[in-house]
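Enquirer: Okay, here's what each chain looks like letter by letter:
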Amino acid sequence: MRFVIYHVGASGRESADDTQTPWGPTMPLALPEPDQVVMRQREAIVEDLRRLVAPGGIIGDEEGRRAYETDALTAYRRVPLAVALPTSTEEVSRLLRYCHANDIKVVARGAGTSLSGGALPAEDALVIAVSRMTRVLGIDTMNRTATVEVGITNLGISEAVKAQGFFYAPDPSSQLACTLAGNIGMNSGGAHCLKYGVTTNNVLGLKLVLMDGEVIDIGGRHLDAAGYDLMGLIVGSEGQLGIVTEATVRILRAPEGARPMLIGFNSSETAGRCVSAIIGAGIIPVAIEFMDKPAIQVCEAFAKAGYPTDAEALLIIEVEGSTEEIADLLNVIGGIAGRFAPSVLRISQSAEQSAAIWKGRKSAFGAIGRISDYYCMDGTIPLGKLGAVLVAISQICDKHGLKVANIFHAGDGNLHPLILYDANDEAEAERAEKAGEEILELCVTSGGCLTGEHGVGIEKRDLMRVQFTETDLAAQMRIKTVFDPKWLLNPAKVFPLDGRETALEAA
Amino acid sequence: MSVLSNMRPVDEREFARVLAEAAATGTPLEISGGGSKQSIGRPMQTSATVSAKAMRGITLYEPSEMVMSARAGTSLSQIESDLADHGQMLAFEPAELGPLMGGEPGQATIGGVFATNFSGARRVSIGAARDHLLGVRAINGRGEIFKSGGRVMKNVTGYDLCRGLSGSWGTLAVLSEVTFKVLPMPEDTATLVLLGLPDEFAVEALCSAMSSPFEVSGAVHLQAALAARLEHAGLSSQGKAVTALRVENFTKSVRYRTDRIKNLLKAYGDIHELDRDNSLLVWGELRRLSVLRGGEGPVWRISTAPAAGPKVVAAISAYMDCRAFYDWSGGLVWIEVLATTDAGAADVRRVIATHGGHTTLIHAAPEVRAAVEVFQPLEPGLERLSRKLKAAFDPAGILNPGRMYPGF
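Heads up: the sequence lines are chains L and F, in that order. Here the working numbering is used: the first residue of the first sequence is 551, the next is one more, and so on. Here the working numbering is used: the first residue of the second sequence is 272, the next is one more, and so on.
Everything labelled a hint here was simulated from the structure, so no lab data went into it. Be a bit skeptical, because a hint or two may be false.
Calculated cross-link-like contacts (lysine-lysine; reagent style DSS-like; alpha-carbon spacing at most 25 Å) [as the list claims (entries may be wrong)]:
(1) F/LYS659 with L/LYS1036
(2) F/LYS523 with L/LYS745
(3) F/LYS418 with L/LYS935
Just so you know, these numbers come straight off a predicted model, no measurement behind them.
Isolated chain L (complex conformation):
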């Protein structure tokens, strides 16, 4: 099964098992030089590792390792030293203890759907993929929790509790493939987090294996863990503080019903003002999604969702409740939207229509990938700056001779501009990356941030100083040193490679 579902392109390099050609253009981000001592001992290390896990739990052959050489940021590829597929916390602990004792770097991996290179391996690193740890350990509807191994997919949690009428709220677009492990690593969000929050708001307990192999339990089925909020630090730490093997998450009773409506506008700016007006009126829909014209057209061609292809901007707004409550709320929202001269205002009339509307949105990245390579941005901005930022984004892309499609979570200002380019054209690929950087800098100077839900990974690592001072970064890096004094866990990511010295004193 292929998990690389984004960042796929018309030029055909769309699967992780496509081993024919290394990726074309030289991408500019530096990766640390692999440790030659470790590289030379590869065979011996693989033999050692095999003794630490159940048979079949270590992949040491070239072809097998190559399947893990990248994630959904396919521009970067590195064949790892070896891949471990543990089946228990004890195995993860043994693996980490060994790597710690032998100074071997480790990259934790869920399904490898990271758009920021969070799961990109290194040639001198062991990949520990939790994809075989998928058990549901307990469902407790009375206390509204589910305890699972983190290799379970995001959607797998909701499927496991569906029969009892519950669901797990965070819903990244890759939810069919992505694992809870990766969601915890990146603090993933999704379309419905406007109402339900992101991963950190929905995790109650963790089982964490530290780099030296020690296993620690944090939190449980109760709210607000004791002592410092270590769980809050671990969620979103991109696999740099430890490897989470089990989690207790909050599950919610599904609403009686949910229904989206489509509202088309003649300009993106008007759509943005409409979003502000809805929220300003005290209504928090469960989701407000935005697409601009290029995105609408591609998604409609793909999903046949009934999107208005002549609109300049489209909002998908979903509300929840009983049939009557939904009708009332959509009516109020329609009334507010009416003040912004919508070109289309259409309420889904059936479960099938609703499913098609969401299918179009959730497969948007894939649909655009069918027509072009693209570079997916993930900045967040204050909602009030939406109009100005969209204009500036199109100016940036014009300047670089590139087209852009905009798709984003409008309720919380999380933008996903997709910069379209031809990956076979080295110069164009470089321009796309340059335009992306400028867009992210624009997000920060507009009062927002570099990444709303995809994570820093390798992709935004060198932009961190746009948002943070050296002191800000030192405060974060010292935390890494507290958990992982040797900096063995996913070390090439998140923090610029230079200037890390200040953090090492902390342990």
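Since the structure of chain L is provided, determine the placement of chain F on it from the hints.
Expert: Just chain F now, with coordinates in the frame of chain L:
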């Protein structure tokens, strides 16, 4: 003259100078906000108290973006009043502990709210203080000013120090400015009340309502002895345990949803309904913990799985006389026990160890708080990490040393 003589710095740069000098001279400091929770925690041996109260003022408020920023010393009452002017609120309903501690209401600062992560009844449905924190500016024990997060709703850029500093009681860093998410006030509120239920049935009813699709935003149960202390005469005069569920929404939805919940819980007995005004009174006094005032004994705050709440109380009752107020559908239990030299700590902790969760001795005489662990003792692995985290933020150990745990 030493900058340490200025104990109410007016801005974060001045505060940073104070902390840098304290770090250089190894001077332990008590960090305070409005002082409403000052008597919570282990008694400290500090040389001076530095207050964040002079760093005040709302620096950003965008109602249509549901975001506000304020300097840490801004009073909670000012923030809530500005929000109310725009029909908005702090959704996590910060618990007001001042009156319980013998102080005046309204003294809390917004910095203290996030530094202690004390959330009220709505926490069970909508999240804690820490879940609403979007960005911080803070000063660590090295006297360095740093920031994390920002003003936008979604932000995964770098490690999440907003969560990391929430609930750290000023032991890692001093918050100088906080940015947080706010929510619209609901159009309408109603409360459903069941009377005289034993704890176990009451919590079962609360859990079953919480597991319905009707978005209950408050789920409490007061044993009869505590219900009798309610200021709301209509409830306190009943002489019975009070179990209450709150529904907040648009008026039509409140009507529909309360009807559905009544139907769901009809097996538990007669269900009474409080209108909006009465609801606001009752949930207002619960937020001020009115029912825990007037008692002589120490007060414990226990967080456990909701369904375990009554079991915890029953087990503690086997050791000592205690009175319980259940919030968060049974998952948060405030218990008042008889005053003894250790406030029953050994027994309370043993019960918690059996059922899972954690407990804090919220209110007790200083000699009791010096004698027993006030915060939940940590497992060795967690304690080691916490100690190292403290050292990373505050290597000289000047920020509220020993307030949470002995030695750091």
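Enquirer: Does each hint fit the structure? Answer for all of them.
Expert: We went through each hint and held it up to the structure:
no.: 1; hint: F/LYS659 with L/LYS1036; verdict: 15 Å, holds
no.: 2; hint: F/LYS523 with L/LYS745; verdict: 20 Å, holds
no.: 3; hint: F/LYS418 with L/LYS935; verdict: 22 Å, holds
Of the numbered hints listed earlier, not one is contradicted by the structure.
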